[in-house]
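Keeping their order, the protein sequence lines are chains Z and V. According to the working numbering, the first sequence is numbered sequentially starting from 36. According to the working numbering, the second sequence is numbered sequentially starting from 55.
Each hint should be verified, as a subset may be incorrect.
Claimed, not checked - No farther apart than 35 Å at their CA atoms in a straight line, the calculated lysine-lysine pairs in the DSBU-like style are these:
| # | chain 1 | residue 1 | chain 2 | residue 2 |
| --- | --- | --- | --- | --- |
| 1 | Z | 217 | V | 323 |
| 2 | V | 323 | Z | 321 |
| 3 | Z | 217 | V | 157 |
| 4 | V | 305 | Z | 224 |
| 5 | V | 220 | Z | 317 |
| 6 | Z | 217 | V | 305 |
| 7 | Z | 224 | V | 323 |
| 8 | V | 172 | V | 204 |
| 9 | V | 220 | V | 183 |
| 10 | Z | 100 | Z | 224 |
| 11 | V | 323 | V | 305 |
By construction, these hints were calculated from the structure, which means they are not laboratory data.
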Amino acid sequence: MEKKSMKGWLYLLPALIIITVFTLYPLIRAFSMSIMLDYDMIHNTFTGYGLENYQKVLSDKSFHKALGNTTIYAVVVVPCSIILSLLIAAMINGTKKTKGLFQTIYFLPYVTSVIAIGIVWSWIYNSRYGLLNSIISFFGFDPIEWLNKPKYALPALIIFAVWKSMAFNIMVFLAGLQTIPKEIYDAAKVDSTPRWRVFLRITVPGIAPMIVYSYIMGIISAFKVYNEVYSLYGGKAGPADSAITVVYYIWKKFYQSFKYGEAAAAAVILFFIILAFTMVQKLVRKFLSR
Amino acid sequence: MDIRIENLTKAYGDFKAVDNMNLTVGDGQLVGLLGPSGCGKSTTLFMLAGLTEATTGRIFFGDKEVTKVAPEDRGIGLVFQNYALYPHMTVEDNIMFPLINRKVRKDAARQQAYEMAKLVQIENLLKRKPSELSGGQQQRVAIARALVKKPEVLLLDEPLSNLDAKLRVETREEIRRIQQEVGITTIFVTHDQEEAMSISDQIAVMKSGVVQQFDVPQSMYLNPCNRFVATFLGTPEINIIDVEVLGGTIKCGDVVLRTGVDVKNGTYKAGIRPESFTHRENDHKYSVNSVRMIGRDLLLHLDMAGRDVRAITHSGQSITTGDTVEFSVRESSIILFGSDDKVIGKF
Ligand SMILES: Nc1ncnc2c1ncn2[C@@H]1O[C@H](COP(=O)(O)OP(=O)(O)OP(=O)(O)O)[C@@H](O)[C@H]1O
Ligand SMILES: [Mg+2]
């Protein structure tokens, strides 16, 4: 008995070490750092313990902006991406012949580095030579300074992020669609069901669990947005920090302002927000599977 | 509405799932489409439904050709092998669904759904989801959903295959009752010969995509056209034995089965149904290899010149293994097959 459980622990050891080093330790370190006052990472000195870091972060306008942006991102990007992905997945699933072509197209953003794609998109958004503006002016509208005007910074980020996150969603939804039996669609055909009703009454309920999963995963990753911002604006958070996100805020506090304690406090707040969403996701899934 | 199938073929590459089928189903008839797994029954049904496109041939419903008509415009009700109920809708919504699609008003649709549910005796289950029903109940929902739009043709694909033995018998009688009550032309796919024989007006037996015989059940059983049909129908299975015909006498080894027949000399395959054996004094003596009780009857395994044959006799008699019984084969119940397995005649 003893021997057996020893062997079990031995098998688990590598995974445990990795989790401890890369997840558990940083987590504990972030917690302790967030309550150290005037922490100096280089000399490893601090003046005491307290919640001042949290106070500073929570009253920081820039942090509010970051939270607000992240929230807009979560309620606009994620639903838009899910609806578009769902329509495209249903379309791809229906057409056998063009499946290969579609797969290449939707898979492309998933396998290409975000940074590389960001550069391409910053060209698309370019106010003088950009693709988007030439399309817009073709229809007789004035060109928009996508990346230079604070007002357009977030919409530009949203369009880019929707496009980018669709690959993952389409994959999840396609897998979900495979689980709906073909006979049910045949039955709907025999029952003269219009296509939109097939979509709403059969396809959507059929993959409801996947939609919930995608939504929660989308929101969680929305709180972690950083790459997208960094690449689109060449290392800045948009004009006048107008497209700042929570992770970008943390990064800036840490690497630019050297406020380690505040960065850690913001990270801990983010940790609890994500934890809350994860719990909600678990509850919803439990509810749906009943 | 009658159904006419003309030279219907479905090919997948070189393989013909259905091969040059010709069939006419009279108005209000129930036809059983019977055959072993993979013989093309479902393919035929889906071509009638319009879900599978025919390679060649034509289908008529009444006077109208429907070969190229879309499924929703064919006026058919279809019950799938696995029922294919809409899993996220209640029973009531499932049954109402075809009506809502036809823009019937909601209260009228609900009323009709209720009446249909009453016909198939599930009116107390309307608020349940399909996952909360038994197989038999799901099947009734599927039938109700197929019938609610008042189709002119009802197509059923092995609707009883998921049910237990008792429920199967009950439900097939039910299907027959509903079919007679509604008077709808019905095609019923099954691989169970007993099921087909007990509820069909006519049966079409298929093998490898080809219809072997199309007939009323009784005459199909008594006068099969070939060895396949003879073997496929009836339990216990018909005995197939090697016989020799010499000067009008049919012999199996040294056992004389019949004399005075008008068949060319030679060796043949002969089919004798187990129930064709009948006790007769001073006839051939068979030794009994084994005895098994099957309900009302006894199933005997007899030794016929070294071959094992099955015979059925009523269970009132006391016969045990090792006994000798005197049996003859009833008049005109020896079916002789030619070398092409076609029936030559009954003797
Ligand atoms: N899409 C397809 N492509 C190639 N062959 C097919 C296809 N669909 C069916 N077949 C073949 O056609 C033949 C007939 O199939 P069908 O489904 O009609 O059989 P069935 O009589 O309904 O059998 P079962 O009793 O097992 O349901 C089978 O051999 C099957 O493998
Ligand atoms: Mg089948």
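Structure-based check of all given hints:
no.: 1; hint: 217/Z / 323/V; in the structure: 45 Å, violated
no.: 2; hint: 323/V / 321/Z; in the structure: 65 Å, violated
no.: 3; hint: 217/Z / 157/V; in the structure: 25 Å, holds
no.: 4; hint: 305/V / 224/Z; in the structure: 59 Å, violated
no.: 5; hint: 220/V / 317/Z; in the structure: 43 Å, violated
no.: 6; hint: 217/Z / 305/V; in the structure: 56 Å, violated
no.: 7; hint: 224/Z / 323/V; in the structure: 49 Å, violated
no.: 8; hint: 172/V / 204/V; in the structure: 15 Å, holds
no.: 9; hint: 220/V / 183/V; in the structure: 24 Å, holds
no.: 10; hint: 100/Z / 224/Z; in the structure: 50 Å, violated
no.: 11; hint: 323/V / 305/V; in the structure: 11 Å, holds
In summary, the numbered hints that this structure violates are 1, 2, 4, 5, 6, 7 and 10.
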